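Engineer: Chain by chain, the residues:
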Amino acid sequence: SQQGEEDPQALSIQEGENATMNCSYKTSINNLQWYRQNSGRGLVHLILIRSNEREKHSGRLRVTLDTSKKSSSLLITASRAADTASYFCATRNNDMRFGAGTRLTVKP
Amino acid sequence: DTAVSQTPKYLVTQMGNDKSIKCEQNLGHDTMYWYKQDSKKFLKIMFSYNNKELIINETVPNRFSPKSPDKAHLNLHINSLELGDSAVYFCASSLGTSGIDTQYFGPGTRLTVL
Numbered sequence: 001s002q003q004g005e006e007d008p009q010a011l012s013i014q015e016g017e018n019a020t021m022n023c024s025y026k027t028s029i030n031n032l033q034w035y036r037q038n039s040g041r042g043l044v045h046l047i048l049i050r051s052n053e054r055e056k057h058s059g060r061l062r063v064t065l066d067t068s069k070k071s072s073s074l075l076i077t078a079s080r081a082a083d084t085a086s087y088f089c090a091t092r093n094n095d096m097r098f099g100a101g102t103r104l105t106v107k108p
Numbered sequence: 001d002t003a004v005s006q007t008p009k010y011l012v013t014q015m016g017n018d019k020s021i022k023c024e025q026n027l028g029h030d031t032m033y034w035y036k037q038d039s040k041k042f043l044k045i046m047f048s049y050n051n052k053e054l055i056i057n058e059t060v061p062n063r064f065s066p067k068s069p070d071k072a073h074l075n076l077h078i079n080s081l082e083l084g085d086s087a088v089y090f091c092a093s094s095l096g097t098s099g100i101d102t103q104y105f106g107p108g109t110r111l112t113v114l
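Quick note, the sequences are listed as chains A and B, same order.
Position 41 (the first sequence) corresponds to 41 in this note's numbering; numbering is contiguous.
Position 84 (the second sequence) corresponds to 84 in this note's numbering; numbering is contiguous.
Think of the hints as simulated: they come from the structure by calculation, not from any bench.
Heads up, a few of these hints could be off.
[As the list claims (entries may be wrong)] Partner residues aside, some chain A positions facing chain B, computed with beta carbon under 10 Å:
| no. | residue |
| --- | --- |
| 1 | Y35 |
| 2 | Q37 |
| 3 | R60 |
Here the structure is a predicted model, which is why all the values come from computation and not from measurement.
Here a beta-carbon is modelled for each residue, glycine too, at the ideal position from N, C-alpha and C.
Given only the sequences and the hints, what does the whole structure look like? Please build it.
Structural biologist: If you want it as structure tokens, here you go:
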């Protein structure tokens, strides 16, 4: 069964704005990972946050994790048109479970 | 230089046929996976192999049979294809089965069953 669920399903913003995507999950996890998928391509790993971490940064990406609420957020700051893609959260316990993704469109 | 490669990229076939999708990784990883992404973009794990041994086998019809001739290859054979098998199939690999291992994905194979 699916584990992570992303919210919103689709997000459209202007270049330069920040984009926030949320992920909720149901069971306990070892870590949570965010992936990006460009149209017609495979997924690319962006960032991993462990269950004992609350926040992590990587370039323009900021990920938070709230294990008490079983939720995570991915913030992309100063978005660019090239950030247009689908973003998936994946939770890891014994195996990896993906959500259906948030489709982000950044308009130039 | 491609890390995880899949062939073919597109596969169009008739219901009832048998087809195979091949996957190869040149990353030296021990673990490989097959995922199915449906039209709603849900990505669901099908199989996972570690060092040529099956470690995850989700509830997948037995028409799907993975084969790992060596740890760099994990092929997917599908018998008696059905309309519902139409999807994009992704192969992935990771260093091991550790929870912190990043998965590297292939470009996907779009299967269309007519």
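Engineer: Does each hint hold? Answer for all of them.
Structural biologist: Evaluated hints:
The interface hint given for Y35(A) is met, as the beta carbon of that residue sits about 8 Å from the closest beta carbon of chain B, less than 10 Å. Using the Cβ-Cβ criterion of 10 Å, the hint placing Q37(A) at the interface with chain B is satisfied: the shortest such distance is roughly 8 Å. A cut of 10 Å between beta carbons decides the hint on R60(A): the least distance to chain B is about 19 Å, and the hint is violated.
In terms of the numbered hints stated before, the structure departs from hint 3 and from no other.
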